[in-house]
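A.B. asks: Now for the letters of each chain:
Number of protein chains: 8
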Amino acid sequence: MSEKPLVVIIMGSKSDEELAKKAEEVLKEHCVPYEVRVLSAHRTPKELDKYLEESKEYIKVYIAIAGLAAHLPGVIASRVEQPVIGVPRDVKLMGLDALFSIVQMPPGVPVAAVGIDNAKNAAHLAIRILKVAGFKPCK
Amino acid sequence: MSEKPLVVIIMGSKSDEELAKKAEEVLKEHCVPYEVRVLSAHRTPKELDKYLEESKEYIKVYIAIAGLAAHLPGVIASRVEQPVIGVPRDVKLMGLDALFSIVQMPPGVPVAAVGIDNAKNAAHLAIRILKVAGFKPCK
Amino acid sequence: MSEKPLVVIIMGSKSDEELAKKAEEVLKEHCVPYEVRVLSAHRTPKELDKYLEESKEYIKVYIAIAGLAAHLPGVIASRVEQPVIGVPRDVKLMGLDALFSIVQMPPGVPVAAVGIDNAKNAAHLAIRILKVAGFKPCK
Amino acid sequence: MSEKPLVVIIMGSKSDEELAKKAEEVLKEHCVPYEVRVLSAHRTPKELDKYLEESKEYIKVYIAIAGLAAHLPGVIASRVEQPVIGVPRDVKLMGLDALFSIVQMPPGVPVAAVGIDNAKNAAHLAIRILKVAGFKPCK
Amino acid sequence: MSEKPLVVIIMGSKSDEELAKKAEEVLKEHCVPYEVRVLSAHRTPKELDKYLEESKEYIKVYIAIAGLAAHLPGVIASRVEQPVIGVPRDVKLMGLDALFSIVQMPPGVPVAAVGIDNAKNAAHLAIRILKVAGFKPCK
Amino acid sequence: MSEKPLVVIIMGSKSDEELAKKAEEVLKEHCVPYEVRVLSAHRTPKELDKYLEESKEYIKVYIAIAGLAAHLPGVIASRVEQPVIGVPRDVKLMGLDALFSIVQMPPGVPVAAVGIDNAKNAAHLAIRILKVAGFKPCK
Amino acid sequence: MSEKPLVVIIMGSKSDEELAKKAEEVLKEHCVPYEVRVLSAHRTPKELDKYLEESKEYIKVYIAIAGLAAHLPGVIASRVEQPVIGVPRDVKLMGLDALFSIVQMPPGVPVAAVGIDNAKNAAHLAIRILKVAGFKPCK
Amino acid sequence: MSEKPLVVIIMGSKSDEELAKKAEEVLKEHCVPYEVRVLSAHRTPKELDKYLEESKEYIKVYIAIAGLAAHLPGVIASRVEQPVIGVPRDVKLMGLDALFSIVQMPPGVPVAAVGIDNAKNAAHLAIRILKVAGFKPCK
Numbered sequence: 001m002s003e004k005p006l007v008v009i010i011m012g013s014k015s016d017e018e019l020a021k022k023a024e025e026v027l028k029e030h031c032v033p034y035e036v037r038v039l040s041a042h043r044t045p046k047e048l049d050k051y052l053e054e055s056k057e058y059i060k061v062y063i064a065i066a067g068l069a070a071h072l073p074g075v076i077a078s079r080v081e082q083p084v085i086g087v088p089r090d091v092k093l094m095g096l097d098a099l100f101s102i103v104q105m106p107p108g109v110p111v112a113a114v115g116i117d118n119a120k121n122a123a124h125l126a127i128r129i130l131k132v133a134g135f136k137p138c139k
Numbered sequence: 001m002s003e004k005p006l007v008v009i010i011m012g013s014k015s016d017e018e019l020a021k022k023a024e025e026v027l028k029e030h031c032v033p034y035e036v037r038v039l040s041a042h043r044t045p046k047e048l049d050k051y052l053e054e055s056k057e058y059i060k061v062y063i064a065i066a067g068l069a070a071h072l073p074g075v076i077a078s079r080v081e082q083p084v085i086g087v088p089r090d091v092k093l094m095g096l097d098a099l100f101s102i103v104q105m106p107p108g109v110p111v112a113a114v115g116i117d118n119a120k121n122a123a124h125l126a127i128r129i130l131k132v133a134g135f136k137p138c139k
Numbered sequence: 001m002s003e004k005p006l007v008v009i010i011m012g013s014k015s016d017e018e019l020a021k022k023a024e025e026v027l028k029e030h031c032v033p034y035e036v037r038v039l040s041a042h043r044t045p046k047e048l049d050k051y052l053e054e055s056k057e058y059i060k061v062y063i064a065i066a067g068l069a070a071h072l073p074g075v076i077a078s079r080v081e082q083p084v085i086g087v088p089r090d091v092k093l094m095g096l097d098a099l100f101s102i103v104q105m106p107p108g109v110p111v112a113a114v115g116i117d118n119a120k121n122a123a124h125l126a127i128r129i130l131k132v133a134g135f136k137p138c139k
Numbered sequence: 001m002s003e004k005p006l007v008v009i010i011m012g013s014k015s016d017e018e019l020a021k022k023a024e025e026v027l028k029e030h031c032v033p034y035e036v037r038v039l040s041a042h043r044t045p046k047e048l049d050k051y052l053e054e055s056k057e058y059i060k061v062y063i064a065i066a067g068l069a070a071h072l073p074g075v076i077a078s079r080v081e082q083p084v085i086g087v088p089r090d091v092k093l094m095g096l097d098a099l100f101s102i103v104q105m106p107p108g109v110p111v112a113a114v115g116i117d118n119a120k121n122a123a124h125l126a127i128r129i130l131k132v133a134g135f136k137p138c139k
Numbered sequence: 001m002s003e004k005p006l007v008v009i010i011m012g013s014k015s016d017e018e019l020a021k022k023a024e025e026v027l028k029e030h031c032v033p034y035e036v037r038v039l040s041a042h043r044t045p046k047e048l049d050k051y052l053e054e055s056k057e058y059i060k061v062y063i064a065i066a067g068l069a070a071h072l073p074g075v076i077a078s079r080v081e082q083p084v085i086g087v088p089r090d091v092k093l094m095g096l097d098a099l100f101s102i103v104q105m106p107p108g109v110p111v112a113a114v115g116i117d118n119a120k121n122a123a124h125l126a127i128r129i130l131k132v133a134g135f136k137p138c139k
Numbered sequence: 001m002s003e004k005p006l007v008v009i010i011m012g013s014k015s016d017e018e019l020a021k022k023a024e025e026v027l028k029e030h031c032v033p034y035e036v037r038v039l040s041a042h043r044t045p046k047e048l049d050k051y052l053e054e055s056k057e058y059i060k061v062y063i064a065i066a067g068l069a070a071h072l073p074g075v076i077a078s079r080v081e082q083p084v085i086g087v088p089r090d091v092k093l094m095g096l097d098a099l100f101s102i103v104q105m106p107p108g109v110p111v112a113a114v115g116i117d118n119a120k121n122a123a124h125l126a127i128r129i130l131k132v133a134g135f136k137p138c139k
Numbered sequence: 001m002s003e004k005p006l007v008v009i010i011m012g013s014k015s016d017e018e019l020a021k022k023a024e025e026v027l028k029e030h031c032v033p034y035e036v037r038v039l040s041a042h043r044t045p046k047e048l049d050k051y052l053e054e055s056k057e058y059i060k061v062y063i064a065i066a067g068l069a070a071h072l073p074g075v076i077a078s079r080v081e082q083p084v085i086g087v088p089r090d091v092k093l094m095g096l097d098a099l100f101s102i103v104q105m106p107p108g109v110p111v112a113a114v115g116i117d118n119a120k121n122a123a124h125l126a127i128r129i130l131k132v133a134g135f136k137p138c139k
Numbered sequence: 001m002s003e004k005p006l007v008v009i010i011m012g013s014k015s016d017e018e019l020a021k022k023a024e025e026v027l028k029e030h031c032v033p034y035e036v037r038v039l040s041a042h043r044t045p046k047e048l049d050k051y052l053e054e055s056k057e058y059i060k061v062y063i064a065i066a067g068l069a070a071h072l073p074g075v076i077a078s079r080v081e082q083p084v085i086g087v088p089r090d091v092k093l094m095g096l097d098a099l100f101s102i103v104q105m106p107p108g109v110p111v112a113a114v115g116i117d118n119a120k121n122a123a124h125l126a127i128r129i130l131k132v133a134g135f136k137p138c139k
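Protein chains in written order, with full-length UniProt numbering: chain A, 1 to 139; chain B, 1 to 139; chain C, 1 to 139; chain D, 1 to 139; chain E, 1 to 139; chain F, 1 to 139; chain G, 1 to 139; chain H, 1 to 139.
Among the clues, some could well be false.
What the hints assert, rightly or not - Each computed DSSO-like pair below joins lysine-lysine, with the alpha-carbon atoms no more than 30 Å apart:
1. C:Lys46 <-> A:Lys22
2. E:Lys46 <-> C:Lys136
3. C:Lys50 <-> C:Lys131
4. F:Lys22 <-> D:Lys14
5. H:Lys131 <-> G:Lys22
6. C:Lys56 <-> D:Lys22
7. E:Lys4 <-> E:Lys22
8. F:Lys4 <-> E:Lys139
9. E:Lys131 <-> F:Lys4
10. G:Lys56 <-> H:Lys14
11. A:Lys46 <-> H:Lys139
12. D:Lys56 <-> C:Lys136
13. D:Lys50 <-> C:Lys136
To be verified - Pair by pair, the computed Cβ-Cβ distance ranges are:
14. B:Glu47 <-> A:Val80: 21 to 29 Å
15. F:Glu18 <-> A:Val80: 32 to 40 Å
16. D:Glu29 <-> E:Glu35: 49 to 57 Å
Keep in mind the hints are simulated off the structure, nothing from the lab. Each residue gets a CB set at the ideal place from its N, CA and C atoms; glycine is no exception.
One chain only, chain A, in its complex shape (with noise of 0.2 Å):
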């Protein structure tokens, strides 16, 4: 892809890049520039420092899928400005323990969440914002 990604899709671990493939899907279908980044708040914290750091000039939505203990939306929503969407995935507990980890942020670092290894609502989502700035998807 040529263009300057606008959506970045971050995977705390390889193992949630099925769910990474179904918002890719979405985002390619509409025709919006996106890339991929496997990055980890607790494994890798300062490599997603550095790659926050660097993309915040040109990514417009972070979408960010984890499970377990889903810390990844909430610590790149407290280093960058722009909208981050959480995807949390069933790893345990039928996927509750990453679903609350994702929205119940403290007041003035909000994560949007969608539901439950739904990562095609998190392309859905980040289509809706990037429209409300003009975007002109394909579809």
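Got chain A; can you put chains B, C, D, E, F, G and H on it based on the hints?
C.D. replies: Just chains B, C, D, E, F, G and H now, with coordinates in the frame of chain A:
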């Protein structure tokens, strides 16, 4: 407020007013023009439809507050193309009923859920979205 | 079936079909004339409204099957005056999301919830209601 | 009320009275003749059986209110052929114990569950059922 | 078994048979005379009442296995004066519906709940109770 | 009480006293000789062991009241051969932590769980067990 | 306290202070030198990073208290190599959101969770850890 | 292993072995001397007590793995003064029963809970604790 509203806060019922006020405070503090409506997906579906039809010409972000079987945000998301933020209100079951009714939307009709009773974060999230579109909050 | 349907089974999506079949079996067994529709409160709200407008002239009991944020039964209940029976389908969270979305309706817009995935009981309940109105099932 | 009751509100215990009153208000408002009983599936099973045997000659809809292990609605549904509406009361566990005990009935013995503590909706649902049978509420 | 049974295992439905077998094994191993019945509080209430009326002359401990809205143990406890042990079976909701329906009985009508699907412990508990009454298990 | 106690009520801590009183009332009312102890599986394990060693010569039924990680009933059941009744106390999590800690015992070490905070039913269950052994309550 | 602190109690926000006091009492009682900080993983991530960078030279055990999406303990555990104890605070959902956010950490980044609101046990656990390292508490 | 063990992994039953192996792998990889035991708080309380009495002379950290009503870690914590790490195993209820039984300990008897089935983190936490005491893992 003389400016055209960019955000609307829709409550399912008058009893959600206290939460709405918290979202209003944040929006005011950041000089975001907004309007407030009391419209129910169940009790006033026609008024809701009518309002959505009109407002989708100027509103950039919808915030919907609802408790119990909180259908309001999802119903709005199925009728407009803008981002819809849902605030689950704790009326029963610690707000889990509202959270699930808001966040577990089917693919293609996304709602951005924020934390239970966390109307402030709905406003903060709306501001992040507006900023993507070039809006400059005063704070 | 040449007789005018008394009951309709509405599915939120094609994937609810297996449950719908279970309700159909019970209705057939008791010789209750019925029809089946696939109509979504979120993806096809206009078709749903249109169908409800027409069907309320002859349908006596609405059965709605839905999973996740199961708004379908509640939305129907807000548009017709007949009894609406909701069947929560276990798609995620063991069906608790669907159960709460169906049963926790606000005062004035009742939905009759039956057990998770228990489409048979929706049909049995519909028959009990029809019998109040003088309908004689063949079994 | 001189008319023959069409609806009965059965409480498992005197402590459910406050909820019963909410159902009564709705029924009165719509001019539905009704009666009220305190009968327990566990503490007064014989009196319950006797009442059901007699009342099934004239009652069209049973409303049963119960908390904890709320067996009352299910036991009624196993003894009469009319529709039975169960109101789960929040005594412990936010009413989840009562909700599950009411809604998760085995196939063939349906109970129509309404929301936790939502006795009003039990009355509204009863009225919808009566209207199928030609009853004209005054409101 | 020529001896008079001291324990009965009652299943709500044939599908509970696998669990019943586990309780049987333990009882056999300890030489406890027992009998087994399939009787439903909802589908065969009269047969259940009849059996309880007769069996209460010789049965010392009732074991009742049931899933979903598991009313069987509670209904038995309301009709006999012997100890009743309830085994919640995981049919839906991980067995939480059955556990709550069994354990949350109103004061005065106790049921002794054991763990979800843990029919063995029902038998072990029955043996402990019989030993209080002087029964000598062979193991 | 001059008679040898048949039942003991063991509390994990002094703060369980209010619940213990409810069990005592029922036992007194039925003229069951009993004793009361405050003994913790965690804080006074040796005193508990010592008491169990002595008491198992005369106690017929153990009632144990505990909140949080309620290990007390299970620990007693692993040390004596009599029936042990566990009363889960609601200290946190609506008593679900205590209920699960009490009821989910491994096969071979049964505890009879009664409802959350339902110490009365522990006493009623104890009386049912004593009656199997020929005890005649005065009521 | 002139001695170098061995333990730090970090609160996510001032509102966690009451719990922090409970941990402090236990530490004081056992003569453990400690310090207290208010630092948020979300609102003051840089100050937190800075403090961790410095403190990891002398702190032996980190205690982190947080409610809602309680990321604080996990974020600390990803930045220091010492044991981190997390205290979930009940702000919403009975503290389940905080418990899950704290305990469900990915492999390799452990947090030691104690009970909901149980700051005392965090201090007791810290003391047990210090004793492994030869620390002699005064009590 | 010729060195004196510093850590012990205690399983409540043989069926916990697979989880134990995961903790072992991590300990081996870091060259931590350890031993493994199968000892139940309920089925072999005396053997457990005996082992704890002996091992507390040399063990620095106890890891206890248990499912269902997971009393093992708490019972160990009440008998030794070392840190005890509890691993809740998912046998029923998604492991919530084990998690609550482990983490909700009364003040004064702390257990360090790690995530459900997350035996690896128990080992990682043990290593962090040993490092406070000067232990140098080989990795």
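A.B. asks: Can you name, in rising order, the numbers of the hints this structure does not satisfy?
C.D. replies: 10, 14 and 15
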